[in-house]
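Here the structure of chain A is known, so what remains is to put chain B in place on it, guided by the hints.
2 protein chains.
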Amino acid sequence: MKQKISDKIIGRLTLYHSILEDYAQKDIDIISSPQIAFLLNIDDSQVRKDLNCLKNTGKSRVGYLVKDLTRSIEKTLGISKTKNAVIIGAGNLGKALAKYDNFESYGLHVEALFDNDKKKIGSKIEGKNIYNISDLKERVSSDNIEIAILTVPWVSAQEVANIIAQTDIKYIWNFTPKVLKPIEGIHILNENLMGNLLQFTHKVMD
Amino acid sequence: MKQKISDKIIGRLTLYHSILEDYAQKDIDIISSPQIAFLLNIDDSQVRKDLNCLKNTGKSRVGYLVKDLTRSIEKTLGISKTKNAVIIGAGNLGKALAKYDNFESYGLHVEALFDNDKKKIGSKIEGKNIYNISDLKERVSSDNIEIAILTVPWVSAQEVANIIAQTDIKYIWNFTPKVLKPIEGIHILNENLMGNLLQFTHKVMD
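In order, the protein sequences belong to chains A and B. Numbers given in this note's numbering equal positions in the first sequence, counted from 1, plus 308. Numbers given in this note's numbering equal positions in the second sequence, counted from 1, plus 308.
So that you can see chain A by itself, here it is in the shape it has in the complex:
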């Protein structure tokens, strides 16, 4: 069942979910597939095809129930189960991600930040503590952390990845432009920002 959902569909379902949250905030109860298609500039048939794979979407003649469709997407994407993460690197990007509201609504809970800068250690961002990187191993096991969001300067990325390798962390979400060496037992997701932009510009620019 899980294997059947492609990357493209997951990407689109996440965007549908953002739109649904917007509708919910505006107290709109029903959404139609053409409305979603219009906002994302894609075909209505594509949206309907994606949503047809889901269960309990609250579909009726006039559209989908925002509440039901939201819950259905969350179930499909596995959002309902919270995953604990820490941000490593309390610079601008680390701070920005600590404040990124959207993570919690997708089941990603950022527990704390880590840094090696004594001026930052002991302070807080968005109510989250900034700890010394030397305490990482201990905190990871006591707080049941699975994911490290890596936002250190790229020159330190590999060194810090090696520190992460000593802990129980299972996933590194790498926001640095440095491609990390594979680490046994850890899955690495390279957040390839330039790749995303280039895929886009390649399609639309001349």
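Calculated from the structure, these hints are not laboratory results. Note that the structure is a prediction, hence the values are computed from the model and not measured. Do not rely on the hints blindly, as some may be mistaken.
As the list claims (entries may be wrong) - Each computed DSSO-like pair below joins lysine-lysine, with the alpha-carbon atoms no more than 30 Å apart:
| no. | chain 1 | residue 1 | chain 2 | residue 2 |
| --- | --- | --- | --- | --- |
| 1 | B | LYS445 | B | LYS428 |
| 2 | B | LYS489 | B | LYS478 |
| 3 | B | LYS478 | B | LYS445 |
| 4 | A | LYS316 | A | LYS511 |
| 5 | A | LYS383 | B | LYS316 |
| 6 | B | LYS478 | A | LYS316 |
| 7 | A | LYS426 | B | LYS436 |
| 8 | A | LYS489 | B | LYS334 |
| 9 | B | LYS445 | B | LYS389 |
| 10 | B | LYS427 | A | LYS426 |
| 11 | B | LYS428 | A | LYS426 |
| 12 | B | LYS511 | A | LYS391 |
| 13 | A | LYS407 | B | LYS426 |
| 14 | A | LYS316 | A | LYS383 |
| 15 | B | LYS511 | A | LYS436 |
| 16 | A | LYS489 | B | LYS363 |
| 17 | A | LYS432 | A | LYS391 |
| 18 | A | LYS511 | B | LYS367 |
| 19 | A | LYS428 | B | LYS407 |
| 20 | A | LYS367 | B | LYS511 |
| 21 | A | LYS316 | B | LYS511 |
| 22 | A | LYS334 | A | LYS383 |
| 23 | B | LYS427 | A | LYS511 |
Showing chain B alone in chain A's frame:
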């Protein structure tokens, strides 16, 4: 010719490029496809297939010339032509992206930042001016800006997008979690961070 390159290949070529930059920095002249495959935890045959589509890669019995392969990827991805961008929203994320070294090596030049906070306007980040958002239209046309990188709080995202719509900007790279309404004449790329993470976790988590 351009249409033939898929999103997945563009994504991988960008990562190969990051690895090549790393090799160049370490003064290593030759790279083999198994070395690239190992770093990205993908099949060697995949790397070879991707690189076989490129021209002038400096391929020999022992591997690829780092310099030639870098240039070949840059040509294929259209990196050689610089695109001018501005960052709108000089908060943590805007500042982080202003400092993101990698943009320049991919032909993306960030000219300036814009904000509506009087405390920020007039100061600089990484040598780049922070201007008043009310000056956007004028600066966009005088500096030949094509891309707006949108990093304002999501509650202001649509309002700011409407301001961008009044300028000559052709592309919005939207880092807010808000899906923007379509704007005639402007291409919108939603940087779907949660979608990227979910695609990843869906594959590897149980």
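Violations among the numbered hints, reported as their numbers in ascending order: 23
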